[in-house]
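2 protein chains.
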Amino acid sequence: MAKIPDEAKKVFEGVIFDVYQWQQKMFDGTAQTFERIKRVNTAEMIVTQGDLILIQEEQQPDREPFLTFPGGRIENDEDPLAAAKRELLEETGYACDRWSLYREVMPIVKIDWTVYLFVGQDARWVQDPHLDAGEKISVRWVTLDEFLDLADSGKLTYFLEQFRTEFVRAKYHAPSREALRQKLFTASP
Amino acid sequence: MAKIPDEAKKVFEGVIFDVYQWQQKMFDGTAQTFERIKRVNTAEMIVTQGDLILIQEEQQPDREPFLTFPGGRIENDEDPLAAAKRELLEETGYACDRWSLYREVMPIVKIDWTVYLFVGQDARWVQDPHLDAGEKISVRWVTLDEFLDLADSGKLTYFLEQFRTEFVRAKYHAPSREALRQKLFTASP
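Residue numbers (my numbering), protein chains in the order written: chain X, 2 to 190; chain F, 2 to 190.
Check before you lean on any hint, since a few could be wrong.
Identical chains blur together in the list; that is why a pair holds if it fits in one copy or across any two.
[As the list claims (entries may be wrong)] Dumping the calculated DSS-like pairs for lysine-lysine here, alpha-carbon to alpha-carbon at most 27 Å:
hint	residue 1	residue 2
1	26	10
2	86	184
3	4	156
4	11	156
5	111	184
6	156	10
7	137	4
8	184	156
Just so you know, the hints here were simulated from the structure itself, not pulled from any lab data.
With the sequences and hints as input, model every part of the structure.
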C-alpha cells in the first residue's frame, strides 16, 4: 500500500533513503504534493539448531547494545534470500541448508520498504564472522519459551514490530505457539 | 534511540520528511556517512463513550478504504494533546473532556518520528466534521471484544503496530485485558 506511483519524481537521493514526490488528485478535484520515502529493503532471519533459536547481542556506534535476529540491508538487485545467507555468514559465521520465507511485510505507511523474515534450519558453524566496522556481535542460543519471553517483554528490540505481534500471540495462545513451533523446528517438505 | 545528533546537517527538506546526515565514527576509528529521517510527529486517539470505542472507516485518494483510530499530523510547535483534540473534532465532530496519554513511541530505527496515543473518555458529539479534501471518514462504535478481534485479525490497519501488540496480548491474556479495560473505561483520577 505504500508503493510509490510510477509518475513520482525522485527529488532526493541519500545513503539509505530516497525521497519521491508527485501531484495527487484529491476527492474535490484539487491537487496536492504527496511524498513518499524509498528505503533500502532488509532481510532478517530466525535461525534454528535442534530446538534452539539464534539471538544476537549487538552493538552499533550510535546506539545502546541490543538483542536482535541476524539481518541487514539487501544490496541493489540482490536476491532477498541470498542477502539473508550472506548476512548470516558475515555476522555469525553460521550457514543453513534449509530455508523458508516466514513473512514479507511493507511495515510503514508512506515508506516504500519491504522486510523479509526467513527461517533457516539446521544451522552449522562454518567460519569466523566478518563484521563491518560499525558492528560488534556475539551469538546466544535460546529455547522457544525463552525467545517468546524476550519478545513479550520487549527485550528483543530490533526486529519488526509486525513480527513481534505474532510472537506475543504465540506466548499466550497455545494453537499459535504450536504453529510457530512447527514453522521453526519441523522439517520443511 | 532514533534521535538525530546535534551535529547532523539537514540535506533535504520535504513536505513530510526531512533528511539529515553526519559523519559517524566507527569502532575501528574510520568514519561513515550516517543518515536519518525526521518525519512530522503524529497523534492517535482511542475515544470511548460508555463501554464503546470509536473506530473510523476512512478513505484517502491513494489507498484502499481502511479502519483506523482518529489521528493525524502534529503541526509545527503544536502541543500533542491539542493536536489530538483538533483532529478528533475535525475528523469526527466529537470532543472529550477527560484525556490521558496511553503511550508515546518512537517506532522506527533510523527515523526520528514520535507517535502519541491518547485516550479520550466520555465522548460527546459537538458539530459536523470538517474533513480535508484528501479524507472521507465515517464513525463506528464497537465493544472492547469487537475491538480486540479487529486488532487481532489485522482489520484495524492504520494504527501503530507497537500498539497492536498490546491489543493482541489483551485478547489472549486476561490480566492484560483487564488492565486495558480500566485504562479505556474507568474514570481517571
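**Request:** Taking the numbered hints from earlier one at a time, note which ones the structure violates and give those numbers from smallest to largest.
**Result:** 4, 5 and 6
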